[in-house]
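Peer 1: So the sequences go chain by chain: V, G, P, A, D, S, Y and W. Per our numbering, the first sequence runs over residues 1 to 255. Per our numbering, the second sequence runs over residues 256 to 510. Per our numbering, the third sequence runs over residues 511 to 765. Per our numbering, the fourth sequence runs over residues 766 to 1020. Per our numbering, the fifth sequence runs over residues 1021 to 1275. Per our numbering, the sixth sequence runs over residues 1276 to 1530. Per our numbering, the seventh sequence runs over residues 1531 to 1785. Per our numbering, the eighth sequence runs over residues 1786 to 2040.
Just so you know, the hints here were simulated from the structure itself, not pulled from any lab data. Only a predicted model underlies this, so the values are computations on that prediction, with no experimental measurement involved. Take the hints with a grain of salt, since some may be wrong.
To be verified - Derived CB-CB ranges, DEER-like:
#1 D:L1174 with V:A93: 56 to 66 Å
#2 P:T570 with D:E1173: 24 to 34 Å
#3 Y:R1681 with D:E1173: 25 to 35 Å
#4 D:R1190 with P:A602: 37 to 47 Å
#5 P:E609 with D:G1122: 33 to 43 Å
#6 S:A1364 with D:Q1077: 24 to 34 Å
#7 Y:G1705 with P:T570: 50 to 60 Å
#8 P:R621 with S:Q1332: 52 to 62 Å
#9 W:L1885 with G:A277: 41 to 51 Å
#10 W:L1939 with G:Q312: 15 to 25 Å
#11 W:A1793 with D:R1031: 11 to 21 Å
Unchecked claim - In silico negatives: residues of chain P with every beta carbon more than 12 Å from chain V:
#12 T529
#13 F565
#14 D594
We put the CB at the ideal spot given by N, CA and C, even for glycine.
8 protein chains.
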Amino acid sequence: MRPADLRALLRDVKRGNVTAAAAAKRIGAAPVERLEFATLDHQRALRTGFPEVIFGQGKTPAQIVAIARRLFERHGVVLATRVDDAGRAALAAAFPQAELHGRARCVVLRRRASRGPRAGGAGQVLVVCAGTADLPVAEEALVTARVMGSRAELIADVGVAGLHRLLAHRERLRGARVLVVVAGLEGALPSVVGGLVDRPLIAVPTSVGYGAHFEGLAPLLAMLNSCAAGVTVVNIDNGFGAGYAAHLINRRGRS
Amino acid sequence: MRPADLRALLRDVKRGNVTAAAAAKRIGAAPVERLEFATLDHQRALRTGFPEVIFGQGKTPAQIVAIARRLFERHGVVLATRVDDAGRAALAAAFPQAELHGRARCVVLRRRASRGPRAGGAGQVLVVCAGTADLPVAEEALVTARVMGSRAELIADVGVAGLHRLLAHRERLRGARVLVVVAGLEGALPSVVGGLVDRPLIAVPTSVGYGAHFEGLAPLLAMLNSCAAGVTVVNIDNGFGAGYAAHLINRRGRS
Amino acid sequence: MRPADLRALLRDVKRGNVTAAAAAKRIGAAPVERLEFATLDHQRALRTGFPEVIFGQGKTPAQIVAIARRLFERHGVVLATRVDDAGRAALAAAFPQAELHGRARCVVLRRRASRGPRAGGAGQVLVVCAGTADLPVAEEALVTARVMGSRAELIADVGVAGLHRLLAHRERLRGARVLVVVAGLEGALPSVVGGLVDRPLIAVPTSVGYGAHFEGLAPLLAMLNSCAAGVTVVNIDNGFGAGYAAHLINRRGRS
Amino acid sequence: MRPADLRALLRDVKRGNVTAAAAAKRIGAAPVERLEFATLDHQRALRTGFPEVIFGQGKTPAQIVAIARRLFERHGVVLATRVDDAGRAALAAAFPQAELHGRARCVVLRRRASRGPRAGGAGQVLVVCAGTADLPVAEEALVTARVMGSRAELIADVGVAGLHRLLAHRERLRGARVLVVVAGLEGALPSVVGGLVDRPLIAVPTSVGYGAHFEGLAPLLAMLNSCAAGVTVVNIDNGFGAGYAAHLINRRGRS
Amino acid sequence: MRPADLRALLRDVKRGNVTAAAAAKRIGAAPVERLEFATLDHQRALRTGFPEVIFGQGKTPAQIVAIARRLFERHGVVLATRVDDAGRAALAAAFPQAELHGRARCVVLRRRASRGPRAGGAGQVLVVCAGTADLPVAEEALVTARVMGSRAELIADVGVAGLHRLLAHRERLRGARVLVVVAGLEGALPSVVGGLVDRPLIAVPTSVGYGAHFEGLAPLLAMLNSCAAGVTVVNIDNGFGAGYAAHLINRRGRS
Amino acid sequence: MRPADLRALLRDVKRGNVTAAAAAKRIGAAPVERLEFATLDHQRALRTGFPEVIFGQGKTPAQIVAIARRLFERHGVVLATRVDDAGRAALAAAFPQAELHGRARCVVLRRRASRGPRAGGAGQVLVVCAGTADLPVAEEALVTARVMGSRAELIADVGVAGLHRLLAHRERLRGARVLVVVAGLEGALPSVVGGLVDRPLIAVPTSVGYGAHFEGLAPLLAMLNSCAAGVTVVNIDNGFGAGYAAHLINRRGRS
Amino acid sequence: MRPADLRALLRDVKRGNVTAAAAAKRIGAAPVERLEFATLDHQRALRTGFPEVIFGQGKTPAQIVAIARRLFERHGVVLATRVDDAGRAALAAAFPQAELHGRARCVVLRRRASRGPRAGGAGQVLVVCAGTADLPVAEEALVTARVMGSRAELIADVGVAGLHRLLAHRERLRGARVLVVVAGLEGALPSVVGGLVDRPLIAVPTSVGYGAHFEGLAPLLAMLNSCAAGVTVVNIDNGFGAGYAAHLINRRGRS
Amino acid sequence: MRPADLRALLRDVKRGNVTAAAAAKRIGAAPVERLEFATLDHQRALRTGFPEVIFGQGKTPAQIVAIARRLFERHGVVLATRVDDAGRAALAAAFPQAELHGRARCVVLRRRASRGPRAGGAGQVLVVCAGTADLPVAEEALVTARVMGSRAELIADVGVAGLHRLLAHRERLRGARVLVVVAGLEGALPSVVGGLVDRPLIAVPTSVGYGAHFEGLAPLLAMLNSCAAGVTVVNIDNGFGAGYAAHLINRRGRS
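Just chain V, with the same shape it has in the complex:
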């Protein structure tokens, strides 16, 4: 319930259009919908600009389909992440229009005419990724930013040990409104890219590595200590979070 709604409701109470008891209940009540295995927060779309995203990990295909159905009916757009093979197959069977992103383990449902739930960003989200093995995380970021309404592109396989591959893209790097930089191993790429541009940069460490990599700890610490100013960081392998934040930065807002 937004402030303007609250004031309107209170005016109704004063005029006798709404009883005090009903108003008290409405102030406290939340427009949530309960399935047997989940509580859907439909108010979220109003509050944060996008309906709840389905986090597929640990859910059965049937549960994912059921939740997707409700969200799709209500909001006309659905993003499901970390959906395994069985889950993607189930969604494909249930929704003919489902867009499957195998490597990114994402599925998108969208009403035909719609371009997304909101006006797209003015600029571009550019996802940059260090190695082939980092691609699933990079594509999760890409899919997320796009489904939310941003233009988004990918530059892949430009690790710091072969600088010429990266420097060849300098122009594109500088043209973006916001960058998402994905890297495993030592996680040096965000620092190098961050030194080339003057744009917000979201760094995503991945679990790609072995031994003293500690499943992503090494690049996570590296990125938190980046010598390039303007770098912020998300959790290990969290392509979704990076894409989501990148869209929030990119989109046209009230301000």
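Following the hints, complete the assembly by docking chains G, P, A, D, S, Y and W onto the known chain V.
Peer 2: Leaving out everything else, chains G, P, A, D, S, Y and W in the frame of chain V:
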């Protein structure tokens, strides 16, 4: 050297205005200035939009003053962070116009007429902080965002254990273009604020705590695992980094 | 052997009803029962108010059934936790009256007429849980508190990123005698709930998360550093321990 | 604002006694008081049963005295923890009736006639501590429980390597309503005490140790893994939190 | 080559019985035997009193049998630890006299008449273990101490949360020459036993636990910080190492 | 593009042989080849002396074969590491001349006449390994150094607990140009070998161990703290990296 | 109270020499003495063979002197460890016969005629130490073993990077009944020594090192993973614990 | 004693020039010199090519001077590292020819005519360092490599966030025989440099940073996971170790 400059240079080479040797040198050369104890990167202002920031920790007052003098002459604006009492006193003595920020341990130098080195942001940076002890970090973010040209404000002492204090500011939270949320202890504030707004949010863990806090590790991990989408994180106590990234998000750009 | 028993025994020794040797043996002896694979401590029910609980992890179905049979014969009530599918099936086959709790992976055996081994608590245990994935741990706490004799209820899926869902339950939260708050990810829920109530609150971190979550370390540290006073913490995923402690707090005692 | 207050306010709005605008403001407003360096949350006493506690660490003596004065005027009782020598001296000078607890580094202010801000607990809080070096933490728990209104006592220096010292107190251990068990080194005491009683037990690890103790990590992990059911844990050296939770468990409540 | 052998060899060189070249070669040479997949150090039995022990983990059944055959021929006694089901079956098929210890995952081969490779200890090794799940590690210690020639016995399932079970064995604890104390969870048992006896005590942490146990880290740290003097520690789950060290302490020696 | 090439290109621009636009493009362009799943950096061989090495982990057999084919055509030599059974079978089927190294999980492809892509080292790389279980890592180092053109040999199973085995090889140790020392468990071997020689020594910790070994952390820390000067360290189980660096040290260079 | 005493007491009860109430009290009572700041456990000498040792860290000189006086009167021998300069001066002033061990930070008090509280060990404790900086810990072990009644000697500065220094002492190493091996840096010495002898060996990691040494963690992990059988480990810098355990192993016992 | 010496000695024994007893003693004896506080290993120079280096940390000025005097008399060259202000002053007073390196905290003593203890390297050691704060560690490497006989140079302040500064030195980077790359913060520099050259590269992480830097852990992990092949790593802040290893790689050898 930006791409347009490179093309211009190559045209000059072709026309014979510049020799090949001179051009090769100029392509490789960096307009850096060497002091006895530091190498100043004056090209940085062109590349990333703001001159080098002085990281005061581990530098003597004399070194800080010397570096500040060069940067100020060249760029007309200087930000020095993590400057201790002696360093701030030395800067105050050397620069009558120095703005001292004691709690934030920052000093700002600015030419009178200038509002900053570049056009300010269209919207507002809002810094929110959980406890009194987190104020130095919050103010470092505030000062940084302002000196770079953003409008920025602070809401202090709104920890999650007293939700009403936070909810009273809901309107202001939603009006910001980008939020910086600073918290020590368990670092829960970014998740709560992130659920109330649909704006990019930069979380800053602080070292305020004891025991199993491990000097900021507890809120750092919490923030990286935030259940609110759109949250990105910087290093422990890195108010500067958060303010810098917030300005990059906020400012009007080419896109 | 409780102090009163010791005094009685010593009086018997004085009167010659019991020999010194027999008394010495009885003071040292423990009424334990040895199976081939376990030593059952039947004295425990006297000492701590509830018979030994079967920790199913790492035990075969046959072992679980055998231990359950002895405990049930002697005490009329049995709680088995962390029992996998095969173990639950074996208990269901062996005990027609077995109550199976699939998601919580618990099984309860109870004599018909009995309401539990002891007088129930005067108030209510309220279990609150942040996300769907935390439900197994929350339900383990719920089942434990109930089998021990407490009234206990559950509020599910009220994460901090959707505060309105939580605040809608404020009345119920304040009506409880003791709260168990279960959360994975950043573990912020106990701090928020703890700021709303003046009741003892037991926080349970779960292993729900990925990356820098480190299988529960992130919410564990967060909860240990909670800014809300009155919060105590149990091990990661330890719903049983939280339910047990909640019952001890809730039940009517000698004092 | 408690639910009953909300309903009353809404009735006033209906009757025209309060305008809609004023009501909207009051619903959102928090009765907080701003000093230059802190925001006092006077509503907290209503909400959680005790006024804000002053956490002395990192505050100047003058700040502590100023905050104490406001809280004392409003609530008639003040607890300040982690107050160093200078802070305790300043409070003693400002408040003739101040109770100083040197080893626990606490100060208590109380109006003469008052027994505390609320009815005391029906039973007793028993604080048990393993070694001499753990005493400051144990006494912080003791002082906290007492100032909140509980009867509380201390058994000191009963480490597990000299079991007879502990077993000599078995009777007292069993007579308590709730136990706080404080231990450094290997942190084994809560498990041993927990096996002797059927009462809630709050374990407090201390930073007393060296080497692979890692400043309290060793006993913290030990306590989280205690084989005794009913044990919950607070942060390293957090005697205040343990005493606070113990009082919430012990006190007579609505239920 | 022991010092006396060196002196004898040098005398032979002087007398011309051995050439200088041959002597230089013999001083450097080691009586090792090379299989395709291992280098057996037969000199070890002379040097440390027991032939090489076969560490079964990561070896195929065929490799284990081949190594066992060589060692058995040469030394008449073999101990193989961490041998899985297939390995134990292969050894049983190859050596009719093989003693299989299923739970301890050990196999012993011994010539009939022999009581072991050396004189047994004068006293007794007593292995004490906290929970049923710690038995495999405890039995590995037991088997190791016995095969080396010590008398060794086991007391099982005497955790600290049921002290009476432990105290009932006080007499036996004090009668041992050396104790091996095995515990998972919080690892408190060595401290309690160490306070009851004046004998060397070897503590063995096990990986039995979950969550903040970190696969044995919790009891490892606890045991390293034991408040009972005379406690030394081996690696997590290292029953073999504890049994080996216990035998070295127990056996009759030159001194 | 090496400096000499840049100068030549600029001269061509001046003479009008190359347009400014074409030159600008060529300065930025990189001779990379894109497959559907990888970007091959053929320039690497020029830059660092060896074509890209295929890191097999996480790639399908078909992908490995496809990448190997392109690299082999272009460079005449291919090294693939961390190739599982299926991958090695696929390479064997596709390339009759493939050299399979099962235990090291490596495959080498080489044109008949060629001895490697460059002149071999003047001296010898000596790989030393502590236990049988460390052999796969040691052999990965061996294969890598050889395929790059160094003479390389292996001394296996010379752990520090049987010093005579190691000292028997003293002569060979001192004859090497560079040593690679591979060890799991406590990782002491590099310190002992480092004290015997005056040659560069690369230490490789392995994940061979259990419990407080933390999958290689124990020997990694030991090697980083080696008391022998001249020891440098690579990642846990990184035999490839050690062999590569050893070859760079060993090979004849410009200097 | 040992079993024989218990039986005697019970016989007295039967004969009427002792009342049941008095007996019950005596069974529970412990002969402890309370000072204002400590509880002395005089029964400990009976139970474990040596009076309580004073752990000087965190105690004032006055407290140390007071405790020492009581222990000395009762037991005729006192060991105080981790006593700083002021504490040692205070003990020297109070006890003319005090033996001061500056580098080991220990003080010993002993009655003239006495050789220690009990018969010395039959063999010898040999303390071996890797570097000069490890000497304080090594000497703490030496002093402890001696004051308890063992013959004990020291071999210093025999690090593994200079094997010949160590091997020169082979004879002495093999002559000891038990070894204490002290090392910082990579902690390799116990593995090397352990491979040379067939005696129990207690490894003591020290905090001597920097960087990835993590104040003793590196050698602690190394020692726990030693490839030499028979090695047990104590806490970082715990020379006292090692010397104490070494004496228990060395001394003549009942067995 | 090198093999040739051993053979010669044995021949002397045969000829009767040396008795067997004397030979046995000489084989075992080490030419060490004992001061009150240290054991000097003069044989080290023969064995590893450079006399013992004085590690100044934890030594008094008087001790450092005494050790330096002995080493200088015997070997004519001394390197002392981690020498604080007082220690450097004492060495300067004692040795007029002392070369003081203040920032590197090193002191070098050298006989006038000598160029070092051995033939210098054929090529050049190039030390590269990321930030001003990393200079002390970089200079320690530089001084070490030089005193051992290598030509060595330094490139400072070329962090990855300003690539042009680094790329300007590409030619010099490629001309070196071996590189030492020193970096704090995220430690990305070795990966970037490693991708530009085909020379051995030793990476040195420094403790320069704060928060999630964990005093050098972040760059240490990054460097161990470097995506550039040929990178090896030394301990945090270990400039000495890097310089020493670089010299061993660079110097002209037998091979």
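Peer 1: Each hint needs a verdict: does it hold in this structure or not?
Peer 2: So, going through the hints one by one against the coordinates:
Taken as a hint, the range 56 to 66 Å holds for the pair D:L1174 and V:A93, whose Cβ atoms sit roughly 58 Å apart. Against the hinted window of 24 to 34 Å, the Cβ-Cβ separation of P:T570 and D:E1173 comes to about 27 Å, which satisfies the hint. As the Cβ distance of Y:R1681 to D:E1173 is approximately 31 Å, the hint placing it in 25 to 35 Å holds. The hinted window of 37 to 47 Å between D:R1190 and P:A602 holds, with their beta carbons roughly 43 Å apart.
Between P:E609 and D:G1122 the Cβ separation comes to about 35 Å, which falls inside the hinted range of 33 to 43 Å. Checked against the hint of 24 to 34 Å, the pair S:A1364 and D:Q1077 passes, with Cβ atoms roughly 27 Å apart. About 52 Å separates the C-beta atoms of Y:G1705 and P:T570, a value consistent with the hinted range of 50 to 60 Å. At roughly 57 Å, the beta carbons of P:R621 and S:Q1332 sit within the given window of 52 to 62 Å.
Distance hint for W:L1885 and G:A277: a CB-CB separation of about 42 Å, consistent with the stated range 41 to 51 Å. The supplied range of 15 to 25 Å is met by W:L1939 and G:Q312, whose beta-carbon atoms lie about 23 Å from each other. A hinted range of 11 to 21 Å holds for the C-beta pair W:A1793 and D:R1031, which are about 19 Å apart. Residue-level check passed: P:T529 sits 63 Å from the nearest beta carbon of chain V, beyond 12 Å.
P:F565, annotated as away from the interface, keeps every beta carbon of chain V farther than 12 Å; the closest lies near 24 Å. For P:D594, the requirement that its beta carbon stay farther than 12 Å from each beta carbon of chain V is met, with the minimum near 17 Å.
Hint violations for this structure: none, all hints satisfied.
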